[in-house]
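Enquirer: Each chain, written out:
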Amino acid sequence: MEMFDRGVQLRMGQCHVRRWTDEIVPLLAGDDDPLGVADLRTHRVPLARAPQAYDMFQKKEDGCVKVLLAP
Amino acid sequence: MKALTWQGRRDVRVEDVPDPRIEEPTDAIVRITSTAICGSDLHLYEVLGPYLKPGDVLGHEPMGIVEEVGTGVTRLKPGDRVVVPFNIACGSCWMCDRQLYAQCETTQVTAEGKGAALFGYTSLHGSVPGGQAEYLRVPHAQFGPIKVPQTGPDERWLYLSDILPTAWQAVKYADTPPGGTLAVFGLGPVGQFCARIGRHLGAGRVIGLDLVPERLEMARRHGVETLDVSQLDDVPGALIDLVDGRGPDAVIDAVGMEAHGSTSGKLAQTAAGLVPDRLAD
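Protein sequences, first through last, are from chains A and B.
Quick note on numbering: the UniProt record's numbering labels position 19 of the first sequence as 19, and the sequence is numbered without any gaps.
Quick note on numbering: the UniProt record's numbering labels position 120 of the second sequence as 120, and the sequence is numbered without any gaps.
Calculated directly from the structure, the hints in this document are not laboratory data.
Watch out, some of these pointers could steer you wrong.
What the hints assert, rightly or not - Here chain A is said to cover these stretches of chain B; the calculated rule only asks that three of the stretch's residues, wherever they fall, bring their Cβ under 8 Å from a Cβ of chain A: (1) 15-29; (2) 123-134; (3) 192-201; (4) 218-230; (5) 236-248.
Said to hold, decoys possible - Counterexamples of contact, computed for chain B against chain A with all Cβ distances above 10 Å: (6) 4; (7) 34; (8) 36; (9) 41; (10) 75; (11) 77; (12) 102; (13) 111; (14) 152; (15) 154; (16) 155; (17) 156; (18) 165; (19) 169; (20) 180.
Idealized CB from N, CA, C, for every residue including glycine.
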């Protein structure tokens, strides 16, 4: 009722990955990095250390934002 | 090969598991060079345990080098560098024809009433072995994997697997008018990208809300205004005040579903409380 009165619209859903990737790839190809993908990962660890990385990520320890694993 | 396996609540271990092999003509085997931990993997770590069994291989943000392809995969060859989307779609069913790949009718898990199968994400989504492993079997490789150039570090391309398109879709769905204001709740990996993509696609202002100092600082590095919700008694009020007494044109909830850990749990509750509060104003 409140949402109706305020004209609030909700949209949600699982991402349709390939629907968007052709638009995004060109933004990654150059060195200007308009989406800043070089500034997200905070940790890169070997796959063997993944369990510790899960724990750190969950607790947001050590400034953790994004963990990459290297198998 | 080595792979990250689920064993129980907050118990994941790297174990030796059998190497994957081509099982269908449309399969490919990819040697994984980088793979990320997703915020949604933390749901597996905690609340989604009932839908996992010990030994399940997790992970759905992988990329690597094609090792082998089935006879039905003509668009890829060994040596290609690929990013693997987290959802598995055939590319040619009724849903895929409409670009609704997350609802692919070929891979959807009808027994559970769910959409397309996902890598490494419980029996609800097909129990498909995931990509936090040395090798990954990619079903429907005639459609799914994204070929990327051999140049640049993995992290330039890796986020195509999930969080970049997820954030892109959120911004598209939010449909902020040109020059308008977009608010992003939660500045984890998806929230960070939502804020940056919002700016890139033409929002005049993007306001990010979180309570973790490093995450607020990261957002500010990319031209995002921030609100530290831990410093506010009335978050909706502050947000409305910040935008001409009207509030933002569009809002993205990038907090995530679960309360994992104390600080984010508090933020999730704050954000969950925000919508009804604001609506009840």
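Enquirer: A cut-off of 10 Å on Cβ-Cβ distance, and residue 75 (chain B) was said to be off the interface with chain A. Does that hold?
Expert: holds, 13 Å
Enquirer: If we take the beta carbon of residue 102 (chain B), is the closest beta carbon in chain A still more than 10 Å away?
Expert: violated, 4 Å
Enquirer: Regarding the assertion that residue 36 (chain B) does not contact chain A, is the least Cβ-Cβ distance greater than 10 Å?
Expert: violated, 5 Å
Enquirer: Is the Cβ of residue 180 (chain B) farther than 10 Å from every Cβ of chain A?
Expert: holds, 14 Å
Enquirer: For residue 155 (chain B), is the shortest CB-to-CB distance to chain A above 10 Å, so the non-interface label stands?
Expert: At roughly 5 Å from the nearest Cβ of chain A, residue 155 (chain B) sits no farther out than 10 Å, so the non-interface label is violated.
Enquirer: Say whether it holds or is violated: residue 111 (chain B) keeps its Cβ farther than 10 Å from all Cβ of chain A.
Expert: Nearest chain A Cβ is 18 Å from residue 111 (chain B), so the label holds.
Enquirer: Taking 8 Å as the Cβ threshold, is the statement that the region 218-230 of chain B is covered by chain A upheld or broken by the three-residue rule?
Expert: Holds, because 3 residues of the region 218-230 of chain B bring their Cβ atoms closer than 8 Å to Cβ atoms of chain A.
Enquirer: Per the stated criterion, does the least C-beta distance between residue 169 (chain B) and chain A lie above 10 Å, as a non-interface residue requires?
Expert: violated, 5 Å
Enquirer: Are all beta-carbon distances from residue 77 (chain B) to chain A longer than 10 Å?
Expert: Its Cβ never comes within 10 Å of chain A, the nearest being 19 Å, so this holds.
Enquirer: Regarding the assertion that residue 156 (chain B) does not contact chain A, is the least Cβ-Cβ distance greater than 10 Å?
Expert: Incorrect as stated: the minimum Cβ-Cβ distance to chain A is 6 Å, not above 10 Å.
Enquirer: Taking C-beta pairs only, is residue 4 (chain B) more than 10 Å away from all of chain A?
Expert: Contrary to the label, residue 4 (chain B) does not stay out of reach of chain A, its closest Cβ about 5 Å off (not over 10 Å).
Enquirer: Say whether it holds or is violated: residue 34 (chain B) keeps its Cβ farther than 10 Å from all Cβ of chain A.
Expert: Violated: least Cβ distance 5 Å, not greater than 10 Å.
In this structure, the earlier hints numbered 1, 5, 6, 7, 8, 9, 12, 14, 15, 16, 17, 18 and 19 are contradicted, and the remaining ones agree with it.
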